[in-house]
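Take these sequences, add in the hints, and give me the full structure.
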Amino acid sequence: MAAIDQPLPARPATIREEFSWSAGLYKWVATVDHKLLGLMYIVSALVFLVIAGIMAAVMRLQLAFPNGHIVAPDTYNRLFTMHGTTMVFFLGMPMVAGFSNYLIPLMIGARDMAFPRLNAFGFWMFLFGGILLYFSYIGGSGLTGAGSAPDVGWFAYAPLTEKPFSPGASTDYWILGIFTAGIGTIASAINVIATAISMRCPGMTLARMPVFVWVMVIDAWLILIAVPPLTAAQIMLAYDRFLGADFFNTQAGGSAVLWQHFFWIFGHPEVYILIFPAFAILSEVIPVFSRKPLFGRPAMVAAVIGIGFISLGVWAHHMFAVGMTAWSNTFFAASSMLVGIPTGIKIFNWTATMFGGKLRMDTPMLYCCAFLLQFLVAGLTGIMLAVSPFDWQLHDSYFVVAHFHFTLIGGAVFGIMAGLYYWFPKVSGRMYNERLAKWSFWSFVIGFNLTFIPLHFAGMLGMPRRIYTYPVGRGWEGYNLAASIGVIFQILAVGMFAWNVIYSCVKGKKAGDDPWDGWTLEWSTSSPPPEYNFEKVPVVRSGRPLWDLKHPQDPDWKFGQ
Amino acid sequence: MAATVTPANVAAIERNWTLPDRGTVGILLLMITESSLFTIFVVAYLVYIGKSLSGPYPKDVLEVPIISTICLFSSSLTIVIAEKALKRNELGKFKLWWALTVLLGGEFLTATGMEWWKLIYKDGLTISTNLFGTTYYSLVGLHASHVVVGLFFLLIVMTASLTGFPIQHQERRVKFLSWYWHFVDAIWVIVFTVVYVIGR
Amino acid sequence: MASSGLLAFFQVQVPGAAEHRVTDIFKPLATPAAAERDVAWFTIAVTTLIFIVVAGLIVYTIVRFRRRPGDDLHQEPPQVYGSNQIELAWTVIPILIVFVLIGVTARVVWSVENASPPPSTLHLKVIGHQWWWEVQYPDYGITTANEIHVPFSADGKEATYLELSSADVAHSFWVPQLSGKTDLIPNRLNYMWIDPRQGGVYVGNCAEYCGTQHANMLLRVVAEDRSAFQAWAQGQQKALASSDVSAGRAAFESLSCINCHVIKGTKAIGKFGPDLSHLASRSTLAAGMITNTPENLKKWINDPQEVKPGCLMPSLKLGGPELDQLVSYLGSLK
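Protein chains in written order, with the working numbering: chain A, 13 to 573; chain B, 214 to 413; chain C, 424 to 757.
If you're looking for bench data, these hints aren't it; they were derived computationally from the structure.
Hints are not guaranteed to be accurate.
[As the list claims (entries may be wrong)] Far from chain B, some chain A residues (derived; all Cβ distances over 12 Å):
1. L37
2. A132
3. P240
4. S440
5. R447
6. C517
[Stated by the list, open to error] Simulated pairs of lysine-lysine, DSBU-like, Cα-Cα distance not exceeding 30 Å:
7. B:K264 with C:K548
8. A:K570 with A:K370
9. A:K522 with A:K450
10. C:K690 with C:K740
11. C:K548 with C:K757
12. C:K694 with A:K175
13. A:K175 with B:K264
14. B:K335 with A:K175
15. B:K264 with C:K694
16. C:K661 with C:K757
17. A:K39 with A:K570
18. A:K175 with C:K548
19. A:K175 with B:K331
20. C:K721 with C:K661
Beta carbons are placed, not taken as given, at the ideal position from N, Cα and C, and that holds for glycine.
This is the structure:
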């Protein structure tokens, strides 16, 4: 032991800890660090993506030819229910939470989220909800049979979900799994908004907050307002199923349409909740890879706020065939078309960002470009669906399936892929393999479009949704076969992506702090960031603090940015 | 990383940088999301007014709970008085008025329980009887469950203050709890109006 | 038209029948479907134009401003923050487009939904069941299942008005070439109308997921000229069974079939399953799944779970002469 007035003994140059499995596991299980939780959200989401993707592959195998016998009707019906439920609640929502939680503190110069323990609570609720849902494969159906997963469709219309028509426990797993995950989602949303309001570093006014953060904050607002209606409807359905209540029991005067209203009051904002991460990511990636600031920053923020508001007023466009009045059918058509306007403005602004720039066509940018074109198609088929008389033909057909896969895969997933590649060096400290990434990208683009473009036509030829097979002679064969072939390319793409991630984490080239020459605060700290994020809490003077540092001659704040 | 601005004004920016308190923001957001939840149950209640295929019907069995409503609203007053006392470090006064708040909240719950006993055993109205039963128990029950949660935390604070825990250092958290309690009261205004005024 | 050519390329031709099996929404044969087709084309034209312009700009931008080898990597392009005029322009133009679309939409919604039925309209009630369609003709006192006979007229003077409801879960009535779909919802009455312009059999599907056999809840609307329709209706009104004393009828009345099915004039008065009074006049069985032949009928009666797994008709597995008697009896109910 050194005496106080003597110099301390020399410390070793590096301190290496003994690796211990239990310490490693404890670190992950007990963490409240936003970066670890964010990573756990994203990795879990990718695992669910693969599971639900396999379900899709089986469905496409069944539908490749008429009179398919790959799976029994009940099995198929469970597949599309679990595929949809998993993709929405256990891929889309955790990606929202994962990206928000990992990046927001780094981008606003904070050391963690406002409520780190609430953060952990939210993650574990999400994971338990997912496990509970999948436990239904073992535990569903109750005493009357072996386990089975829910088979009521991801939107679980009443009265199909009432006890007489869905005996056993499979629907209850649907209710409880999503209810649990929903609590976690709301917790995460509260955390995001509180963080953005209360934890920004000095100088970072709301006007200087990165657009990524803005978009994810508005996403959190949507969650706060739109998820409780689903929670409420699920409580009501649970009361019906367990306590004999009559919310949706049509025999007792209850209304099946009321479930639809409640579900879609949640369900429509939900799809905007799912697409916002892609909007947020594009607003960071496109400027950096175009070497220009985001065009029309205030308009972009205003557009997202506008989309958020309007999206709360379009829900009944999912119900045009329910027999609403002409006034309702017109009102919701109008509001649904109106929401396309701010969305279109965003596409124009991203394009204008690229216009006049010096585009680096690395993989993140490739995904952004594909997003722009695919989401444009998705938005335009959305306009077609908004025209209610046109929707009377297209509703509940494969046209709708094609439309929402264009928004969700062509839009949301492609945007998320851009983000995963863009921030991979920051999170892992290593670069991914660009060549393999490009192969994966092109395989994904080809596969995705080959699967979903033909399905528009199948829908226009009368092919309804959620059918486990179809007969010869309806004209659907060719389109379905093409769609099924596209799956092969998508599987290859995901496989290449997974291999790229795993290999690069171990053998990738060291990335350094700022491999992309970025402008937001996460690039000012090491890759991966230390637990405390920043050595010193930064002080900023514009929306692009690193641009100001790198370009002291013409910093953004000189131009009022 | 180097400062983005000159060292001279960095200190000034840091010193003057104040943001809203995260706890305040958090509790407000919680109230907003809970309001969204309650709204759906209120809408269901309103939609199903008069739609029950068979009785008992609201006007036959519902008695307006004046006393328990007065108690609940009064508890919002007593909690304010308790808070003010805590701010001035008058712990004895705080404990008294806080305990009163707990009692008044407890009265509300007891009265609700008695009302439900009467409805179930005397009038034969359960959640599965008809649409009125379904919507009544779910809406009033949702509110009551929030009262239970509030009362649970009120009791924790009361227990803490009675066992010598330095509650005066937790003024901020006591404030948030009292806001939650006011929120539960505000919700009761709406539930009361919908169930006992509009729905009857 | 290029798209119908594309559609035709993928079609598999099925021989025979004036059957409209390839149910192309762009080949309407009744007014509602025609109005929907017209607004569809208009919308597609507008959105295609938008696509060409915007996608063109995006592709042009990508190609024109790609970084080229030899570019100075340290020279950043001009940092343009935005332009209020441009923002205004590309906000106002979409708003105008949307207004036009809203106007067109409103017009068609009103013309289809609030159309008043012409005087000679036939009124039908269609009630959805898991997984078959009950069809009642109140003015004729007929109840049948799955195959809906209606009159047609090339000038649209023969209209049929349908009242839709459900006995169990939500279903949806979709015969694309006649009209867009309308849902059948329990505890609710919905209405739609059709005025077929051409004779033939129109195929359709249930279009709201309703459980295990949703895929095989098919519709057949048989449009015939007035006199043929009248002849059919009169045939359906007869109670054939009263004069029949065959072994098959005896077998039928001794089995549990009578608990679910109706055969007019017999002991069978069950309302759970389809009315079988004129089963042999239908061209398909099991809600359009299989053609109505003696072999198929035998297979169906013996083991419906084999044909349509999960359907609500139990497998009696009779076998032997009793089964053959039943088949020949039911086959006689024209």
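How the hints compare with the structure:
no. : hint               : in the structure
1   : L37                : holds (30 Å)
2   : A132               : holds (15 Å)
3   : P240               : violated (4 Å)
4   : S440               : holds (21 Å)
5   : R447               : holds (33 Å)
6   : C517               : holds (26 Å)
7   : B:K264 with C:K548 : holds (25 Å)
8   : A:K570 with A:K370 : holds (23 Å)
9   : A:K522 with A:K450 : holds (20 Å)
10  : C:K690 with C:K740 : holds (22 Å)
11  : C:K548 with C:K757 : holds (22 Å)
12  : C:K694 with A:K175 : holds (22 Å)
13  : A:K175 with B:K264 : holds (22 Å)
14  : B:K335 with A:K175 : holds (28 Å)
15  : B:K264 with C:K694 : holds (27 Å)
16  : C:K661 with C:K757 : holds (10 Å)
17  : A:K39 with A:K570  : violated (45 Å)
18  : A:K175 with C:K548 : holds (27 Å)
19  : A:K175 with B:K331 : holds (29 Å)
20  : C:K721 with C:K661 : holds (25 Å)
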